[in-house]
Amino acid sequence: MHPYAKHSEKYKKNKNKNKTPVASWLDYDFFAEEQKPIKCLTVILRTVGCRWRKCTPCGYWHESADVTQENILTQLEHSLRNSPEEDFILKFFTSGSFLDEREISSDTRKEIAEMVKKRKGIKKLIVETRPEFVSEDKVTDLKNVEHLEVAIGLETANDLIRSNYINKGFSFDDYRTASELVNEYGATVKTYLLLKPPFLSEKRALEDVIKSAELVAPYSSTISLNLCNVQKYTRLEELWKRKYYRPPWLWSAVEAIKEIKKRDENVVVMSDPVGAGYRRGPHNCGKCDFRVKEAIKKFNVTQNLSVLEIEGIDCECREVWHALLKFDAFLFGGDNLFLR
Amino acid sequence: MSKCKFYEVRKRDGAARIGKLSLRGGNQLQTPLMLRVESLIEKKNEEETWNALRGAVLLPEVHPLFTKVKEAIPSLRVNFFVLSFACSMLNSPRDFVRRIIDARNEIPPDVALWVPAIATVENAALLFYMGVDVIDDTNAVIKGYQSIYLLEEGEVRLSELDDLPCNCSVCSSSSIDELRQKDNKERTSLIAKHNTLVLEKEVKKVKERIRIGNLREYVEMKVKASTFLTTVLRILDIDEEEYFEYRTPVARNQCMKVNTMESLKRIEVKRFARRVLERYEPPARKILLILPCSARKPYSTSPSHAKFIEAIADYRGHMHELILTSPLGVVPRELEVIYPAASYDIPVTGYWDAEEREWVSSCLRAYIERNLRDYELIVAHLSGAYKEICSSVAEKLGIEVVFTCEDGEEATSKEALDSLKEQIAEVCGERKRLSGYEMKASVIKAMADYQFGIGAGNRLRGEEEGERIKITGKFPSYKLSLGGGVLARIVPAYGLLALTVKGALRIEDSISSYKVEIGDFVPKGSILAPGVVNAGEQIRVNDEVVFSGEKAFGVGRAKMSGWEMLESRWGVAVQVREVEKDESKTFG
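Note that the protein sequences, when read in sequence, are chains A and B. If you read the first sequence in my numbering, its first letter stands for residue 19, the second for the next number, and so on. If you read the second sequence in my numbering, its first letter stands for residue 1105, the second for the next number, and so on.
In short, the hints are calculated from the structure, not lab data. It cannot be assumed that every hint is accurate.
To be verified - So, partial list: chain A residues that the calculated Cβ filter (under 7 Å) puts toward chain B:
| no. | residue |
| --- | --- |
| 1 | 128 |
| 2 | 182 |
| 3 | 261 |
| 4 | 345 |
| 5 | 348 |
| 6 | 349 |
| 7 | 350 |
To be verified - Heads up, simulated DSSO-like pairs for lysine-lysine below, C-alpha to C-alpha not over 27 Å straight-line:
| no. | chain 1 | residue 1 | chain 2 | residue 2 |
| --- | --- | --- | --- | --- |
| 8 | B | 1297 | B | 1286 |
| 9 | B | 1297 | A | 344 |
| 10 | B | 1286 | A | 276 |
| 11 | B | 1574 | A | 344 |
| 12 | A | 344 | B | 1289 |
| 13 | A | 279 | A | 250 |
| 14 | B | 1286 | A | 305 |
All C-beta atoms, glycine included, are put in the ideal place defined by N, C-alpha and C.
Using the sequences plus the hints, can you model the full thing?
Laid out in structure tokens, this is it:
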């Protein structure tokens, strides 16, 4: 048995987990419709998990279990106890696809929509899905939700990078078709882009994410930059352990956010710096990681580029990062060397 | 040719090479080469310089787009390959070994290998030793930006230094305090400059070592500063013996310095031990006399051996002398002129460590097991550790050995020598001196067998009816001749036997492994690789080879290994010493 599978087998045996979500937390998010930060409740529902499960960097599907639809509603109730008193955004993530029948049935979806409608405090519902599960029926299931956002993990607009290095299993055309459908139904699209897939140099990764943002902007109201981090029991982890991979520099994240925002002021640019400052997450030299991470978080809720101005967050290690971009043509993957 | 772009290896020292990258427009670059990344960027758009070379990228096996070079692009004609994701080599010493050795085995010998972004002053020599031709200063520059100051044997943060231990142009023109006071950007770029300069100096040093032919000694010294690099060298010696056997010269005009534990594992040491077993026949004598080695080489020229020889002089015709030594194991007297027996140096303290003992014991044991039936008696004139080794081997084999030194007695002491003389007289019975001719002839025979394989020696010195072979010259510069024509001579500087055309013709049938088949031409001076049609697989750099083609027959010195002659498109394969036009075939 593959070591990954072994790990998740062990995990599945714990039946109690089926009744609780993987995680849920309160945070702030930028509410694009009213152009202001508001509270946000994120719930990671435990489901049977992603049907694809083949993406190089992804280990989320290890959190899946033999969950029934009833379990899902229990999880939901459980997590909504943490609802804030004020208005808030509700994010339902499943470590897979919210629109996949196998994970969330049509009935469950309708029930969730009904619940969102009833609770006046919920201003917006955000769900995630792979594009192949986006269909008229499924979007219709959620028609009662006033502000619905469907998030799709495109990762990059470049089909070669997506298929070879991420192994995502769908094309840019699949994404476009799905997004157009979502937009037609009056919902918005949030597009996830991955900063630094494996086998791309720092510079190529940065260029790719900026270019991708340009190409997805017409379909997206929000672009969320995922700063690639190394999850356990993934193919990426193997590469990272053997020094074939280094997560992106936080400087690249700052640069990408600025460039994307500058090109299109209307698009909301977010980036949750998960694992920032750790070896497995996006990191700089170790001295400046915290302040750069905080600046990015501040930008997320304000969408104000001035918080990312270099003068406020600069560090000596920017020289190193800069050199890596400058020397890119002659590094041939050697930029992974400069771990800290 | 001048318009052509190509890479030609000019000089080899093991897997390391000095080569020439010829660029369009007559420009040349010499390897080992350190590229300056800053100037590469400046020149990136200049068609004439960098783009004039053709390169290809070697992807690691884990890369989704990985394809084997040979399968993917069989007719690929490039001047250099780049080893991508070289940083993964630093994951473990084993990865360091695998990535480079695999790359080198994958690509043709006459293309350069560039390992980008990882070179430091510490690892550069080892990289070149393994067969890398091109490095760059990326790592050095970026370390500079991190305020890391490179030393010849490692690195240190600038903040940890009290003084600048260097006299490169950067360090000699400013003091450490001045350096510290500069703003961040200026300071780090000065450290980067220093780093590049020391790396460049290291590359120059390596190049000189390759030219002289003693890079191995330098590498043994350099890796000592790093556990990682020492591990790499040990893995290379244990697991990559074949890779280096195919590349290590058979002889050189340099002393082999055996100063580290790793020296014991050198290809030259293993090769010598193997050939003593496989390519050596002892002369027919009834007593095996085992002697200790001497500091001066060849042993015969040392004061201690002069004493031994004098002690046994009257009975030397009965004796076969075998010298016990570290790290070569056993050296038969007849092979004392061969490289590396004639030129190695090892620190002598009287203390032998366990590994040395074990290795030398295994050599002695293998020799005795193989040749025991040729002798009536084994006499050992040994003391100290030598004696201990010999008696433990005798015990293991269950054989009797006559020891002529008492415990605690030096082998050169008067008592020991008298005892040797007495006991020899006793066991030998009648006196029998060794004639000068027989001694010389046995040396020539043994050397020919050692170089070309058993059989060659007897063919060379054997006299057919009516023939009268003469051996002249002072030890060890013997010259073998027949009817006024020279057949072979010993070249002491390299520890090799060199053949003449006449000698080569005489033993042609017994040296097929050392034959180079050439095309339809008469070579002058040298034979280039494209002119080689076939070449013996056992041929190594500096081997004595015989070449023949439709128009010529001759002898020369191999300048590349046999396999390399066949796989290369450029470069000198054989340095011709003597050639004879084959008129009969030309007009036949």
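Hinted pair, alpha-carbon criterion (27 Å max): residue 344 of chain A, residue 1289 of chain B. Please report holds or violated. Status holds; Cα separation ~16 Å.
Closest C-beta approach of residue 349 of chain A to chain B relative to 7 Å, hint status: holds, 5 Å
Is it true that the CA of residue 1574 of chain B sits at most 27 Å from the CA of residue 344 of chain A? Measuring from Cα to Cα gives roughly 72 Å; hence the hint is violated.
Does residue 276 of chain A sit within 27 Å of residue 1286 of chain B, going by the straight-line distance between their CA atoms? violated, 31 Å
How about residue 345 of chain A: closest beta carbon in chain B under 7 Å, or not? holds, 5 Å
Hint check: is the beta carbon of residue 182 of chain A less than 7 Å from a beta carbon of chain B? holds, 4 Å
Closest C-beta approach of residue 261 of chain A to chain B relative to 7 Å, hint status: This interface hint holds because 4 Å falls under the 7 Å limit.
Between residue 1297 of chain B and residue 344 of chain A, is the straight-line Cα distance small enough, at 27 Å or below? Holds, at roughly 17 Å.
Hinted pair, alpha-carbon criterion (27 Å max): residue 279 of chain A, residue 250 of chain A. Please report holds or violated. violated, 32 Å
Hinted pair residue 1297 of chain B and residue 1286 of chain B, Cα distance within 27 Å: holds, 15 Å
Is the interface hint satisfied for residue 128 of chain A? The criterion is a beta-carbon contact with chain B at less than 7 Å. Since the shortest Cβ distance to chain B is 41 Å, the answer is violated.
Interface hint outcome for residue 348 of chain A [beta carbon to chain B under 7 Å]: Holds, about 5 Å.
Of the hints listed earlier, those the structure fails to meet are numbers 1, 10, 11, 13, in rising order.
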